[in-house]
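Peer 1: Residues per chain are reported as follows:
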Amino acid sequence: MEQQRFSTDLALLPTHAFGHRSLTWWGIIAFFLIEGTAFALAIAAYFYLLNQERYWPPPPVAPPDLLAGTLFTILILLSEIPNTLLKAAAEKEELRPTRRWLVVLSLIGLVLLVIRAFEFNSLNILWHENAYGSAIWLLLLLHTTHIGTDWVDTLVLTGLMFTKHGVEGRRFVDCSENSVYWRFVWLLWLPIYVVLYWLPRMVN
Amino acid sequence: MNTPSSHRRPDPAEYLRDGPNLTGEALHQKLAHTWRDGPGLLGWMRSVDHKSIGRRYLVTAIVFLALGGVLALLMRLQLSGPERDLIGPDRYNQIFTMHGTTMMFLFAVPVMDAMAIYLIPLMLGTRNIAFPRLNAFSYWMYLAGGCLLWIAFILNVGPDAGWFSYVPLAGPEYSPGKRVDIWAQMVTFTEVAALAVAVEITATILKLRAPGMTLSRMPLFAWAMLVVSLMVIFSMPSVALTSGMLLSDRLVGTQFFNSYEMGDVLLWQHLFWFFGHPEVYIIFLPATGFVSEIVQTFTGRQTFGYAAIVLALCATGLLAFGLWVHHMFATGLPRLGYAFYTSASMAVSIPAGVQIFCWIATIWTGRPRFAVPMLWVIGFIVTFVIGGLTGVMLASVPIDLQVHDTYFVVAHFHYVLIGGAVFPLLGAITYWFPKITGRLMSERVGKFGFWLSFLGFHLTFFPMHILGIQGMPRRVYTYPAGMGWDTLNLISSIGAALFATSILIFVGNAVLSLLRGEHAAADPWGAPGLEWATSSPPPNYNHPHIPVVEDNTPLWNEKRAVAYGLRVEDREMLLTTVIEAQPDLREPLPKPTLWPLIAALATTVMFVSSIFTPLAVVTGSVPIAAALIAWFWPKDRGPEGEPVID
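Sequence order for the protein chains is A and B.
Residue 180 in the numbering used here is what sits at position 180 of the first sequence, and the numbering runs on without skipping anything.
Residue 4 in the numbering used here is what sits at position 4 of the second sequence, and the numbering runs on without skipping anything.
There could be a bad hint or two in this list.
[To be verified] Which chain A residues face chain B? A few, computed with CB under 10 Å, are given here:
1) 23
2) 44
3) 133
Just so you know, the hints here were simulated from the structure itself, not pulled from any lab data.
Using N, Cα and C, we set each Cβ at its ideal position, and we do this for glycine too.
In isolation and in its complexed conformation, chain A is listed as follows:
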């Protein structure tokens, strides 16, 4: 048996860090890639179907009404302000502002889900009428699942930060990573917004 040499002491290493030093950050990036690929392919399927047709949307279907979707887009873009503040507070490990911005983001998530219900109502077509309808319902449903899961996630985290568990450093890492995830949710919405609402107004 060869000699075993004790060369590196690990005892003084910290137990949490933000950004790419954190293990869960990498997990989140991997899930972005999975979900992003699913969205990219759903958009690709939309274009594949569009490419077979002469008119888009197929007459007499009107393009989706703009109001609800545009309101949704403005609000989700504005949500990045409290989201950035949350991320900064979490990374400074300041409990009170972290709690405050989590509450604000939970409320914004709720309002977004309400507006989203109106969006479904303004698509001017149902999912079973033709493949155009199926494709836009698919895109909107996929993104709603995203909003819904992130909202529940944010609610749970908000509750958590008001308990004794909230004062642990690793929970601040969770808050910071929740913000990173939210950025992904709204970034992903932008191409979907263009595809759903503006493309049908531009292609014919």
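With chain A fixed as given, assemble chain B onto it according to the hints.
Peer 2: This is chain B only, laid out in the frame that chain A set:
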């Protein structure tokens, strides 16, 4: 900030840590207690140990291999002569669909995951896989998906539209009933499992490597699994998406694939093969990782052309996403499409060739020992090269159009999948068997089994090339006499019987060796990888001290260093930096828990009931959410838990 806890937490300086003062048997006692699973069935269900989950994956995948193999034997019996009536057309459709589906989704991908889950943390010198609870969850999802498919088959609701379920055949009009829904939902189960494993493996490889194991010192199997995991991440969403679209066409009347309502049947083929082609390399690349490891050990030299092999793995991973349309040559494509996908398909043989030449160079310049794992490697090289050459033939559109949907294609993909993946897998199981079980498999039986396998395999599948060229279509339940196909089919069926016997011998050898095999030392083959540094089988905490790595073949290095200072009374792992593997953080790890199993059960209820009603998607999500919240809610780690903010 102070931690408001009722427990008095000791000063971090008082924590018990491994090191020069705590090593050997005393350290073993402490670590084994901290990392234990707990007794009995409950302990088994709560386990988050990668070795325990990996073994489960392996055994389950081999059970599915046996089931899929029995179906193959039934088909060979039916086709051994013309106009046999052992199996009727409806049952035959179910059997070939079940065979393909079982082998691809329930055997080939999970068995490679099994090996990676077991081996990667040991090879990288860490205590567990990243996200160990997700790992447990993925196993339960895989098991549930496999059970769904096979219980349905036993109840005569087995899918019957082929393993790639082309629409319109698989659509609501031509496949009423629930057979195709079972198939599509089984896909959802296995994709969830495979994606979860891909995330764990990626994070493990990037963040949990031993100090000093830079990316360029990583074992080639880890490189293969990194590329494969990224491929899974980018390809499997495609099949999950499209099988969801198929389910919704069948359940709630969406029109994605209905050409009368602006849908398109070829959309299915595009989305399926955007997953399906990378899938082939997802199965093949881990096998090349096995080969690189085995060749290195049994030639006593570092694998030739490390950088070339890594580049070849990456190139294969990238090219794999540009080939899917070669499955669709017969659907009619623009000229440019034919040219592009033909050249891309031919190009992928270049990185495959680079790897093969590197292995040959390793054998040539090393001192080869032809033990059983090495025999499987030789069998692999010969068989895979033949399969690769027929692949290059099929990339050519005129040939593809002639032999499309014939037995030539069946021969080709069995050469690449069995020759390219199963042969290395059997070599890998033989090679790592002593590490996993603590006992060596019998060399004598192993050699006999290998030669019988090699003979049986080629006897089964070589005649299929000729049958295909003679025009015998695949997926026919019988054929008339006088076509000139009788003798070749009979030879193929005899070969299948021999091949199945050889697999039985392999399994028998494994079982007998498990009970009575020669005891294995920590490193019975004289291998250089870190997984051989710890005892056989490894203790529940893997390595007593975290090894420090200074080159590509750490165990061939006389001077070996270790890192120390991780806690021994709480579960703790070392995180290192992504490229240089510098020590960075100590990561607390979850204890055994029942929540992954409960979450998987809740997900199973939702997935299965959503075959019957769309409402299940909404109502079924509530228990899933509850289980996930309970899973993620921080557990009180007791007085030994380390305060993070003070």
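Peer 1: For each hint, tell me whether it holds in the structure or not.
Peer 2: Hints and how they fare:
| no. | hint | in the structure |
| --- | --- | --- |
| 1 | 23 | 5 Å, holds |
| 2 | 44 | 8 Å, holds |
| 3 | 133 | 7 Å, holds |
In the structure shown, no violation is registered for any of the earlier numbered hints.
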